[in-house]
Amino acid sequence: MSTVTKHVLVAGGGVAGMEAAGALAELGHRVTLIEKDQKPGGHLKQWHALFPDRRPADEVRKYLSRRIDNRNIKLFTGVSVEKVKKQGHDLHIELSDGSALTADAAIIATGFDLFDARRKEEYGYGIYDNVITSAELEDMFNAGRITTADGRKPSRIGLVHCVGSRDEKVNNNHCSKVCCVTAVKQAVEIRQKLPSCEVFCFYMDMRMYGPYYEELYRESQEVHNVNYIRGKVSEASANINNRLVIKVEDTLAGRPLRMELDMLVLMVGMEMSQAGTRLAEASALGMGINRFLETGDHHYGNNLGHVKGLFYAGTCTAPMNITDTISHARAAVTETVRYLTTR
Amino acid sequence: MEDLYTRLMQDVRFEEGLNACMNCGICTGICPAAEYYHYDPRNVVDLVQTRNNDIIKELLRGETIWYCGQCMSCKTRCPRGNTPGLVIMALRKLSQELGYFTESEKGRQQFAIKRVIGENILRDGYCIASYHVDPKAHPEQGPAWEHYYTYLEDSLARLGGELNGTEGPTRRISSDVLEELKSIFKVTGGQDLYEAIEVASEKKAEEMGLEFRKEGTDFEYFRHVVTADNGNHQTEEEDVRREIYEARR
Amino acid sequence: MKLEGKKRVWAEYQKEIPDDHFFYVRSCIRQTFFAGSEQTFLKIMRDDLGKDVYEDPRHTTCTGIGYHGDVVPFETIQTVVARHFALATEAGYKNIAISCVTSFGIYTEILETWKHFPETLEKTRENLFRATGRVFDLPVSISHASDIIYKFRDEIARKAKYNLVDVSSGKPLKAVEHIGCHYAKMFPKHGIGGAEFPHVLVGMIESWGGDVIDYPERRHCCGFGFRQYLVQANRGYSLSASRKKFESLEPYRPDFIVANCPGCAMFMDRWQYTLKELDGITYGSNETGIPTLTYEEMAGLILGYDPWEMGMQYHNVQSLGLLKKMGIKADPAKRFLTKDGSRLPEPANLLNS
Amino acid sequence: MKGSTGNRFGFTVNRSRLIDYDASDRLVRDYVTLREPSFRLCFACGGCTATCTAGQHAPFNLRRMNTFIRRGEIEPLREEVTRCMLCGKCLLVCPRGVNTRNVVSVAAEAIKKLDRNEL
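Residue numbers (the working numbering), protein chains in the order written: chain A, 1 to 343; chain B, 344 to 592; chain C, 593 to 945; chain D, 946 to 1064.
Since the hints were made in silico from the structure, they are not lab data.
Capping the alpha-carbon separation at 20 Å, the derived lysine to any residue pairs in SDA-like fashion look like this:
#  : chain 1 : residue 1 : chain 2 : residue 2
1  : C       : Lys931    : B       : Leu495
2  : C       : Lys926    : B       : Tyr494
3  : C       : Lys635    : B       : Arg514
4  : A       : Lys169    : C       : Lys781
5  : B       : Lys557    : B       : His567
6  : A       : Lys169    : C       : Glu604
7  : C       : Lys931    : B       : Arg514
8  : C       : Lys715    : B       : Asp354
9  : C       : Lys763    : C       : Asp803
10 : C       : Lys926    : C       : Glu901
11 : B       : Lys479    : C       : Ala940
12 : C       : Lys594    : A       : Thr147
13 : C       : Lys715    : B       : Ser526
14 : C       : Lys917    : C       : Thr880
15 : C       : Lys917    : C       : Glu798
16 : C       : Lys931    : B       : Thr493
Predicted, not measured: the structure shown is a model, and the values here were computed from it.
Isolated chain A (complex conformation):
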């Protein structure tokens, strides 16, 4: 336990922010945790189950709630951090409610926004009734009801990978990393909940980079009969029966393919959050060409900001899964403590 108590601000109460706040508080530091939503938890609040093992998201939520249940942490919700400025040895921090505070160090953990699927106009999200996002499918899992807009039980569902990722048309050349495995996880869940429903994943590459991801992919084929078609869906439309019609090339057959579906799920990717972008612009924090925060060194200084005393944690720096986000947050805490003790 550190002997000198310092005050650290954590901007963002999602997975990274909660873990960082918890770890700092555990070491005896005073933490102010700022969350823009009414409740902490970030995107995890919406998720039903997690890849690769489909454990309930609630288990991780509970862990994180316990993590910030510490009297050293002061949580403020419904308010966001708008600007961070170096002032002598301290950091001067401005909040969206007009108040300001001073801290010895700060960790930015403003996270990501899900890609706005309306920007991929060819898929008709927000126009055709049964085009939904991966997040909305989680809502359905939470509600225990997977149905079309008019309440029918779907007999065929398609999942489109890389929506808003790897696509210069929406100015995102980066891979969001987690969508492939999310698609596989959701495909398996659909097959388990609706055994008569056929499921198709439309992918360009299967990026099963994490432990047990490839195994899940294999299980999805071997046990759950999930279908995979290699090709980026070109467009979706609705027919007279209000079923969706998609066009895609089956690149492994080298021929165009057409298929009717009851539901199309868009695996929306990660973008730097709007709140984080605002903060970065106001504070002149560098952003990379992918618009996430640029770190001090992408190999060995991946938690460092360019301002002394300012550290980064989680998906404000790049897309990552929960495991990596928690590790990244802990690493940010290590860097913060080193800074505070050697300053």
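With chain A's structure known, arrange chains B, C and D on it following the hints.
Same frame as chain A, but now just chains B, C and D:
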């Protein structure tokens, strides 16, 4: 042999049309040609980006590049900002400049397009005008067109035009304007392309033992190129040939 | 279907269309097959809307069919288009109004090329000067002629003599809109409503009382394909693509099809005849075919123009049923007349006659 | 003038190369999957095609054949299954342990049954 990829890069449309393809197939998924020909724009772009001279030469000599209909639907959606349609246009231009187009059935058709559309432009100032579309050669135009064409002068007059008039629809383009057009074609390489098509076609006609004339459309070779159909344009033969070829290398 | 979603897209793709003073360039295909449509556009602009539209008889084809038929090099077509800009410059016009969608796509492509590769603009200036001694200013705006009708659609609605409504039932007519590929697929931001949900014809149809059908093959090409129609051996491609659209739109029982591209309007009419002859298929209610209109004809009908003076009889699928539904009294016996009213023989085998 | 089509237009509606998933059926796939369950494991790496001896000399592509089975595209399958020499080299390379050789045999069997309306 001259590096064909370098030649292609000199075409601004090629530079614009080809970045790096990741073979997602979004182009082929909505390509009208992919449905009715053995055609896969994704594959064409992937072959070109190998920068392999032999592969590009095969494309220039083959049927594949002539299947595209240039609707440019591929441009709208490519996540890498490529335009396979523009790549095709650059390949077609080079194929004609090098005379390779006569090696394929679909490529040989360029002669007919030059003789009809190409010459309409310089002779009349139109790609196409009512008096060019003879219902006998265009039965698909149907009875409405046959009637319009038969009574062309009357039909046009009722709609506010004048056949061989000086203004309005399908007016006669004056000779000084046509001289300007010809001059533009001379200065910009249009005339050279026309000549390249003529020279290679005449050579091919001789090789095939078909009658060829320096003018018009009423002779064996012309009729041959507009009607010939070997029935193989939807089969996988091209693919097979390429696979064997690549395997040998 | 959620209309709000479409409205959001439409709001995103609005472009500046000038109010007046246009330099009009004709279309090879439109003046050949729909001469009355171009004349109707000019009449609407000049007589109904009081606009200044200038036409220089010295303008020629843009060579677009030759360009997309691959016998005309890019350098050549750039220079031909530059010559049209020179004519506009000489006449003091800065707004180009383009009849043809292929031309519109080419003008757009050329201006974009000149922007991204400035050396091509310089080369074109040099080429044009060497060939013709002409110089040109870049236009301030280029609009497709349908953009301009779109801009004035509400003014036309206020002057409307007829609406896209079935007068006997009071219900809106059901329209299929078809947008030429080169209108917005290459450069979505240059098309009203963008590439995925173009609003240019939808806006007209809705302003004039009709309903629009959204069907699965809405965005598919009519199948012109340039060389794919020009050469007889390839025409199956062209026919097949249109058939794919007909099969997809048929279940919605549309009252008519309208296109902003001259080629598309022509093919979607001609192929209905060919499919009937080849395969015995006739689309539309009572299997009489689906009338295919140009947007100029549609606008003309709204303003009370005589359908036969616009040339609507020169479609294989006749519009008598449609006209009746709209309450337009047009004597079928007056379809095939000369300018001074003498009767020409009637063609046989028209659809929906 | 008449083309090879024999009609007065000189052309006809073209045959579609589109894979229309709603027009085809998956009888052959289901038969193959039932009798050779490892078929489900193929993830289209192409190892089989690369090592295939028959594929060096004839247009045979096992990886693509698997795709056709999955999509219910029977016509291209008919010829494909006859081209395999059943040497089994592909078995050695498959990273997913698919009994590739048996997939071909079972698919050939399924087509025969399909033609006799026994599927």
